[in-house]
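**Student:** Listed here are the chains, written in short residue letters.
There are 4 protein chains.
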Amino acid sequence: MKKGIPSVAGNSFGELFRITTWGESHGRAIGVVVDGCPAGLDLSAEDIQHDLDRRRVGQSKVTSARQEEDRVEILSGLFQGKSVGTPISLLIWNKDADSSKYEPIKDIYRPGHADFTYEMKYGFRDYRGGGRSSARETACRVAAAAIAKKLLGTIGVQIYGFTRQVGSIEAQSIDIDEIERNPVRCPDQEAAKQMEALILAAKAEGDSMGGVVEVVATGVPVGLGEPVYDRLDADLAKAIMSINAIKVLSGSEHNDAFYTDASGRIRTRTNHAGGMLGGISNGEDIVVRLAVKPPSSISKSQHSVTKDGMSVDLEVHGRHDPCLCPRAVPVAEAMVALVLVDHWLRSRAMHHL
Amino acid sequence: MKKGIPSVAGNSFGELFRITTWGESHGRAIGVVVDGCPAGLDLSAEDIQHDLDRRRVGQSKVTSARQEEDRVEILSGLFQGKSVGTPISLLIWNKDADSSKYEPIKDIYRPGHADFTYEMKYGFRDYRGGGRSSARETACRVAAAAIAKKLLGTIGVQIYGFTRQVGSIEAQSIDIDEIERNPVRCPDQEAAKQMEALILAAKAEGDSMGGVVEVVATGVPVGLGEPVYDRLDADLAKAIMSINAIKVLSGSEHNDAFYTDASGRIRTRTNHAGGMLGGISNGEDIVVRLAVKPPSSISKSQHSVTKDGMSVDLEVHGRHDPCLCPRAVPVAEAMVALVLVDHWLRSRAMHHL
Amino acid sequence: MKKGIPSVAGNSFGELFRITTWGESHGRAIGVVVDGCPAGLDLSAEDIQHDLDRRRVGQSKVTSARQEEDRVEILSGLFQGKSVGTPISLLIWNKDADSSKYEPIKDIYRPGHADFTYEMKYGFRDYRGGGRSSARETACRVAAAAIAKKLLGTIGVQIYGFTRQVGSIEAQSIDIDEIERNPVRCPDQEAAKQMEALILAAKAEGDSMGGVVEVVATGVPVGLGEPVYDRLDADLAKAIMSINAIKVLSGSEHNDAFYTDASGRIRTRTNHAGGMLGGISNGEDIVVRLAVKPPSSISKSQHSVTKDGMSVDLEVHGRHDPCLCPRAVPVAEAMVALVLVDHWLRSRAMHHL
Amino acid sequence: MKKGIPSVAGNSFGELFRITTWGESHGRAIGVVVDGCPAGLDLSAEDIQHDLDRRRVGQSKVTSARQEEDRVEILSGLFQGKSVGTPISLLIWNKDADSSKYEPIKDIYRPGHADFTYEMKYGFRDYRGGGRSSARETACRVAAAAIAKKLLGTIGVQIYGFTRQVGSIEAQSIDIDEIERNPVRCPDQEAAKQMEALILAAKAEGDSMGGVVEVVATGVPVGLGEPVYDRLDADLAKAIMSINAIKVLSGSEHNDAFYTDASGRIRTRTNHAGGMLGGISNGEDIVVRLAVKPPSSISKSQHSVTKDGMSVDLEVHGRHDPCLCPRAVPVAEAMVALVLVDHWLRSRAMHHL
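Protein chains in written order, with our numbering: chain A, 1427 to 1779; chain B, 1427 to 1779; chain C, 1427 to 1779; chain D, 1427 to 1779.
Hints are all accurate, no fakes.
Copies of the same chain look alike in the list, so a pair counts if it works inside one copy or between any two.
Taking lysine-lysine and the DSS-like style, the derived pairs with C-alpha atoms no more than 27 Å apart in a straight line are:
(1) 1629 to 1726
(2) 1487 to 1619
(3) 1527 to 1508
(4) 1733 to 1532
(5) 1508 to 1521
(6) 1629 to 1521
(7) 1629 to 1532
(8) 1733 to 1508
(9) 1532 to 1508
(10) 1576 to 1508
(11) 1629 to 1619
By construction, these hints were calculated from the structure, which means they are not laboratory data.
Note that the structure is predicted; figures quoted are calculated from it, not measured.
Looking at chain A on its own, in the form it has when it is part of the complex:
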């Protein structure tokens, strides 16, 4: 069979705050190089480890039972506890990497996975644990974004995400303090319990659940975003869509009326537009909603073919998340943080005279 066409690689993200991630799921390590962090930022491995731990599997029954201990090491870019203006290299060694169970399916293209397209593109593929296409790569995004979040914190930007919906169950109230108290990361305690039950029921049947995750950024300055192509909403859409198993959700059709608040600041009464107008932040909260697909690796039998074109029925057993929403929360926060910090640095370059 004719092989497909591979493309020039695209493992960097951001223009000024630029991250480059590397590593395969079952390789020796994964890592990320952050180039473009201004000097003088207080930073430690603990700052990064916190978000990494939030992304980790094995946190509860509603996520995968694999035990990964992702310890980040900072190999460069810090001096005396501060960023020194040079690239910050972060590394996480791979530990839990039994590749033997991938041997039987190394010649089969799993539906909903990148097996087929990677093999067509590159001529062959690292089939162990999905190789580079594994969601494990998102650990690097989360690690790099922890630095972005600290930077954004210096100008008063805060970012938080939560699970808004699982199946048909939706959060009815938003209590930010509640988010990290329950395993689904839902800001509504009651809804959280129902979501958990729903996910466990699906898991028991070898099925999985999709949902909706929401990320909010507060304190974002007016004026971020670069018309006409690097609009803030366009860059957020790309960032979110670059996460495995994510589809961006649509915003509202309604206009937001302007008013002047008590302090004399121009505001909008509603925030249908999610904090952006014409692709530029307007000073309201940035709100991004993303639809999370049910995981592809479900235990039910699926039709597929081998690399030689032979028809097979495939059942994939293993330790997979029955619902990706809880772990998608820190990853989605990460992508929002990376876009915002990049646009903030870009905006510093271009203050009007």
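Position chains B, C and D against the provided structure of chain A, taking the given hints into account.
**Tutor:** The following block gives chains B, C and D in isolation, referenced to the frame of chain A:
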């Protein structure tokens, strides 16, 4: 009031097939420079004019009554009827530019428009016809994409778009030949009539309609897309979201089963994934659906403020499209073409050894 | 004969202050789009025309006798006399374009010219006036750099260039006011006369002269330049080398001793390093020296081949500059200005915390 | 004192074959991520180690006596002994890092070093061993370029470098096999002996020597280079100038006459232009000559100031190279290889139709 933060400009799109657009709605001209078109492509102004005419307003009652005659001029990059490998500069002179009606609202921020954010970002703004934030800029995308389409044609890729839905009326069948025969660009003759009636009814009430546009690319080679950040779906999302008034729609949650067709080619039985797996084209049709907002400039009264923070009620009259879908079709096709041609060139760089 | 390999195009320069030039020598027009100029800069066509006139041929006996009247038009990016933060599009119509004299040599590769490599790279070439490889393209650099110079002026950076050497005659003193008073742009009146005589003597014999041009930038802030690859000296070297007929000259081997001046500022006693240390500006004058080759199109007979590989003797007559130095001065200034303004904008992005 | 202006970071090189280096001289490790290596290249750590060993210090009396054992580890991007199309991450642990001797000079700006400009740019600096400004960073370039060389080898390009001149002693003949047999990497055995004596004499006096290094690339396809800004010669100039202590040397003023060789290929009789015309490779050998400065850290007393502006006399003792030429050879080869492989990949993207 404290001014917002402007950003470094973002008027280029594409990595290898790179377009740079320029021009304001009521300035002297608009234009685009295409850098990265391989030498040897047969090209004439007529090739470009065709798609420009499809985007033009004044085509029917369901679009704006303004008469723009957008004649494209090719100023460089061709020799003896072929691209010569140097930048192709396209220019369209602005003609219909009566700016007087914008004087009364030059200090008012229209809801749903970029007036406020542009002024915060840049310190002041060209308020005439929306300046750079006007949809007029999309003429340049369409012009550049006409070149992209011709290039893609040389490898057998065809792109077409249509209006799938207006309000709650949806096309029930897809007859490609029908698309350009009716003013809403709907591939279903019956639905087209109902859509047209719906739009005209809204227009009569000073209201406007949203809808859904779909773009399909056939013949796309397997292997386009660059993990992990420049995935084909991520780049398409950004491209589509960079169009004014567009929100990307979500895809399906279902996996596509593989099979081997009669010719021995590995295919998927369904195409829920829209022709991509893991962010890489899989050889099926690329399908992109986008939600089109009802235009912001509706004649109904809206609350707003002046630049001094004074409260005003605003009614915007003028020649605006009551439904953007028909004109969004060629623009959406353009953005899909620009992404695909760029990824095709990127893929040429990196054939595996 | 096997055709060579063409490359992805490279007609843009700068990361944040990015220019994209287009146009062939005998095409309809040439032009440049400047993306990344901050809003609020006072700007008029006259600001740009001044430097364009300095670059123009036909200024004296020591430059070409061609009469080009390069009138720049600003097509976008200004509003009320100021940059508005959107792309600034500049256009110059081509007038003096009699291509007939290039017909006889359209199949011959001129030594020292890009005829052969362009044809190998692109499959064919626009042979009229050198097409894109003509030095006419530098008019666009000069036009764009006039904007860069105005921007740099707002932070106190001034840039001037002059002819330091022609043949073996070197300027013995530097009187800045003298530079534009003589046709060779030499800051030493006496040396200027000798240089002029030397050039005219060479011209009379159908020969041409090389020389040395120097560009100085004063008032450059400490800290411009981006280790380890985008060092200021590395970017200046690339910028200068991208001019036709230029070879960069080497700097000094000596270290500059530090001292503290009366105002408490840390300075270097000498400036062997040309204002840079470790690729970063140190606050002293930036000094760049470039060697200018004698023009390739000399009237003496040269050996060459046709595209079919036939041996020919070639004599190129025409209106060519007997010495490129005077006209190289504004072009070299332009490239230095473009590098400095880009690095200044980059530095604004990354103030340490 | 007012702090200087830091810039957005620039630790990546190349457009399609893109390397990102990281690490400080006395930090935990240094490394490089290579993104853009096509899949299918046979590669092992030994391939990379070979060139790293050539760059290593402690190889002879004419280089530094420090003992560094730079063992490269490949952490990602390979599968079954081949590149798999994903980023290749290379890491070298730092071992010999006694920072104590830098304590006494941590507040002093060494002449000819980047101490002052780094501190102005970033607000503070890692003074241990020069931090990021150390030549140790070039190990990463050499490691990444070993991959570039293997890739170039698949299309028949070979790259070699040598010391052409030390002080006033110049190689009189070029015997490629001789280069690696003597400690100065001179291709002329007799000249090599004289050069070695000259360097050792300088070393005995606490002085150091400059020289000239030459790099030759054979088998380069016609057509590499991207007018008008990314000319091959301009990119080579930038690449070479980005090496510490290097100044590019000028080329020749003479044109190369064309002829057709016995095989019908169009050639030039001479190669004054170093294998490029109009910034595009012409199929002859690419030849780059670079002037290497005598090392800055000489034992003689130099005038300087502390960060508080106090005047000091500074003598720097330590294990420094008395002549950088031998170790500059593999680094210069590396930069030439990185430019050529990048332009080769760019050329693949843009074959004319």
